[in-house]
Amino acid sequence: MNKPILGLKNIKKYYEAPGLFFGKKSNKLRALDGINLSVAVGQKIGIVGESGCGKSTLSKVIMRLVEPSSGKINLFGEEITTLSPKALNKIRKDIQIIFQDPFSSLNPRMRIGEIISEPLYIHQEIVPDQIKNEVISIMAAVGLTEDYFDRFPHQLSGGQRQRVGIARALILKPKIIIADEPVSALDVSIQAQLLNLLNKLHEDYNLTMIFISHDISVVQHTCDIIAVMYLGQIIEMGEANSLIQNPKHPYTEALISAVPQINFSKNSNKNKIVLHGDVPTAFSPPSGCRFHTRCIYVKERCKKEVPVLAEINRAHHLACHYPLIVS
Amino acid sequence: MNKNINTLSQGANTTKETSQLRTLITSISRYKPALFGGIILGLLIFVAIFAPLVSPFDPNLQFPTEARVAPLTYLAESDRFVLLGTDQVGRDQLSRIMYASRVTLMVSFFAVIISCLLGTLVGLLAGYYRGWFDIIAMRWVDISLAFPFELLALSIVAVTGPSLTIVIIVLSLRIWVVYARVVRGSTLSIREKDYINGAKAVGAGEVRILTRYVLPNVLTPVLVVSTLYIGRMILIESSLSFLGIGVPATTPTWGGILGDGRAYIDTAWWIAFFPGLAIMITVLSVNLLGDWLRDYFDPKIDI
Chain P
1 MNKPILGLKN IKKYYEAPGL FFGKKSNKLR ALDGINLSVA VGQKIGIVGE
51 SGCGKSTLSK VIMRLVEPSS GKINLFGEEI TTLSPKALNK IRKDIQIIFQ
101 DPFSSLNPRM RIGEIISEPL YIHQEIVPDQ IKNEVISIMA AVGLTEDYFD
151 RFPHQLSGGQ RQRVGIARAL ILKPKIIIAD EPVSALDVSI QAQLLNLLNK
201 LHEDYNLTMI FISHDISVVQ HTCDIIAVMY LGQIIEMGEA NSLIQNPKHP
251 YTEALISAVP QINFSKNSNK NKIVLHGDVP TAFSPPSGCR FHTRCIYVKE
301 RCKKEVPVLA EINRAHHLAC HYPLIVS
Chain H
1 MNKNINTLSQ GANTTKETSQ LRTLITSISR YKPALFGGII LGLLIFVAIF
51 APLVSPFDPN LQFPTEARVA PLTYLAESDR FVLLGTDQVG RDQLSRIMYA
101 SRVTLMVSFF AVIISCLLGT LVGLLAGYYR GWFDIIAMRW VDISLAFPFE
151 LLALSIVAVT GPSLTIVIIV LSLRIWVVYA RVVRGSTLSI REKDYINGAK
201 AVGAGEVRIL TRYVLPNVLT PVLVVSTLYI GRMILIESSL SFLGIGVPAT
251 TPTWGGILGD GRAYIDTAWW IAFFPGLAIM ITVLSVNLLG DWLRDYFDPK
301 IDI
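Protein sequences, first through last, are from chains P and H.
Going by this note's numbering, the first residue of the first sequence is number 1, and it counts up by one from there.
Going by this note's numbering, the first residue of the second sequence is number 1, and it counts up by one from there.
Since the hints were derived computationally from the structure, they do not count as laboratory data.
Each hint should be verified, as a subset may be incorrect.
To be verified - Capping the alpha-carbon separation at 16 Å, the derived lysine to aspartate or glutamate pairs in EDC-like fashion look like this:
hint : chain 1 : residue 1 : chain 2 : residue 2
1    : P       : K86       : H       : E206
2    : P       : K132      : P       : D150
3    : P       : K90       : H       : E206
4    : P       : K9        : P       : D33
5    : H       : K300      : P       : E134
What the hints assert, rightly or not - Coverage of chain P stretches by chain H, computed from C-beta distances (three or more under 8 Å per stretch; other residues unrestricted):
hint : segment
6    : 58-72
7    : 237-248
For glycine and all other residues, C-beta sits at the position ideal for the given N, C-alpha and C.
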């Protein structure tokens, strides 16, 4: 394992909600509650979890589009949580984000060429004459022809727009790309194309990638390491294939069993674990293990004692009192 | 699908080759009502600028013996043909309406431009930064909208005395708050879009975000308000003149002539009718042109 390019230390993000009576006692929404993560150069980390578990907040916190309430972010060994906005803008060259919704992530009043070249104008790294060539070559890399240069976003399909989003993120040659559910708004056929494109770009540009998704099968297809989040915390993390084949946390097991599979044998649905109820509110997370309200294996201890994320195997971290036994 | 893309790209190429002015002209000539509005407005502006040259007579020359003469009459005594008749003191109506267009157009255009700039700036900053500025600005807007405008205009004019500048300032005071509120509302929704986050993520500064990302996306409502309010301005200015608190009484304005003619509406309808017609045609032209302009600046609508 290489040395980490990005390190998160005990990241917390609380949103204050005004209390019921004139703000006497305000409620805190714990969007992120103590995230520790270390990403090595060239790694592809997948972060999965249900809606509302804090995945997108995490991506925005890493980008410092949202300020963390506490904790430290290390980028290339430099702490960026305390950087001034000006110094931060310089760092932003190296870390870019691809957004979930391609319909709101492109300025409708700008042409495709302008959108992709905007970062170059901001950072003024190359002479203006070369900007167009640079944009066209990056467009080719993401599978867009030169014809699109003068188009407006509304003239493009969802998949094409997302390619524009990827091109904009790549044009500064960043070292880290955060992909925040980059394919969830697209058709399945387009999803596969874009995932392959991301895989290819990862190799061509030697990227480190943080891939956020609610779909564990998408993440399995793309990532080396998977981290599973639940209610603002990472509950299990490990090497992708071993985690999928051999989940230790009941929640991970449930997520994996929810992936639709083509299986013609009669008892194909027999092993499906269906979680009941919704994710508890992040205003007052359950005591003890946060998953205990929905866990099918719940025991007394889970309700009282908070499990700590600890390494159980080589590179396999888990926060559960009763890890699943290999069947 | 492929075919579609090809035709689209051809369209994009041709628009790229023709100059922007050409596309503007082709677009407006395809949209007939806007062309009509544009031509009328152009004529009005021409008449306003060259009023001394194009008006048949001196607008202030009085012939008390030839008062309230009907349109299309030849007056032997003063040797003139009055196309739109004469007013209560025998001045030529056409000349007066031509001179009046100067004041009316100037007041409404300047008032719209001033309030548009001020209101858009305040709305943009209030909506984007929120905080104390937003609170103060929006309470000011609320107060302005709640205050009866005629009372405000009366009290200001009572202190300063009527003049062209004061009328422009009074109108701007009334209208800028409309821009501020509309722009703030649009800004609030735009600032939450992912493309704003995207701009921040690539390191765009606040000035760039405001001018390249927020401003272009709030321009549509600004244009709509502008075209609506140029018309409203002409009407408000007319009503101020009508009340006698507009520009000095010696300067002819459409509203002023209309107000004067009101007393003779039963015997000499043309005194009130023609300035009223001029107001109506102008407001209509501005609205027709504004409709097209809004669509023209929207990249999603190809006209």
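Cross-check of the supplied hints:
1. A distance of roughly 11 Å separates the Cα atoms of P/K86 and H/E206; the hinted pair therefore holds under the 16 Å criterion.
2. Proximity of P/K132 to P/D150 is assessed by CA-CA distance (about 11 Å); at most 16 Å being required, the pair is judged to hold.
3. Of the supplied pair hints, the one linking P/K90 and H/E206 holds, its CA atoms being roughly 15 Å apart against a limit of 16 Å.
4. A threshold of 16 Å between alpha carbons decides the hint, and for P/K9 with P/D33 the separation of about 11 Å falls inside it, so the pair holds.
5. Annotation: proposed proximity of H/K300 to P/E134 is violated, straight-line Cα distance about 27 Å (limit 16 Å).
6. With a threshold of 8 Å between beta carbons, the proposed coverage of the segment 58-72 of chain P by chain H holds, since 3 of its residues qualify and at least three are required.
7. Coverage of a stretch by a chain is defined here by at least three residues with a beta carbon nearer than 8 Å to that chain's beta carbons; for the segment 237-248 of chain P and chain H the count is 0, and the condition is violated.
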